[in-house]
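A.B. asks: Sequence:
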Amino acid sequence: MNKLLIMIFWMLAFSCKAPVSSLYQGKISLVSAEKTDWFGGRPGVKGTVYTIRLKLKNNKDLFTVKSLRAEGNTINFTQTNSGNMITVKGNLQSTHELENFGDPPSKSSSENPKLNPKDNWIEYTTKDSKKAYKITIPKFVSVEPVGELIPQRQ
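Anchor point for the sequence shown: position 67 equals 346 in the numbering used here, and the numbering is continuous, going up by one each time.
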């Protein structure tokens, strides 16, 4: 697993020339951006879990993610800080209503995601400023699911 993360880091490092605003250039770096497709629970229900890892140069900097956009969709997310590493994890669920399968899923088909692989970014603020900044994510790397395929509600 560590070799995969190192490889992803270098691929992303060479593919993104200036993903961070000039104010925070050099203070934060994108380590990895992964997506894992999942399915299950009910027929026709599937989704994608997006996991972004960031590294702060100084772990005393306060960094708060305000929004996450992945493949053209605004994603609900959680942020976990551990030392100078920040993990942002979000889930995008889609439903495909299939005929002859009892009750339809609780979400309407209008909530099916639209995909735009070039529309990826994180918006954040820092302790020194209320101004929002963006980090562009060049691409999400697909990874195989490990453990449970259906995200747990929190």
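These are calculated hints, taken from the structure and not from any lab test. Be aware that one or more of the hints could be misleading.
Now the in silico label distances, taken between C-beta atoms and shown as ranges [claimed, not checked]:
hint : residue 1 : residue 2 : range
1    : K336      : W400      : 16 to 22 Å
2    : G323      : P424      : 17 to 23 Å
3    : K409      : G320      : 22 to 28 Å
4    : K334      : L394      : 14 to 20 Å
5    : K410      : G319      : 17 to 23 Å
Ideal Cβ placement from N, Cα and C applies to all residues, glycine included.
A.B. asks: None of the hints should be skipped; say for each whether it holds.
C.D. replies: Hints versus structure:
Hint check: K336 to W400, Cβ distance near 20 Å, so the stated range 16 to 22 Å holds. Checked against the hint of 17 to 23 Å, the pair G323 and P424 passes, with Cβ atoms roughly 18 Å apart. Checked against the hint of 22 to 28 Å, the pair K409 and G320 fails, with Cβ atoms roughly 40 Å apart. In this structure the hint that K334 and L394 lie 14 to 20 Å apart at CB is violated, the actual value being about 28 Å.
Hint check: K410 to G319, Cβ distance near 41 Å, so the stated range 17 to 23 Å is violated.
Hint violations for this structure: numbers 3, 4 and 5, all remaining hints satisfied.
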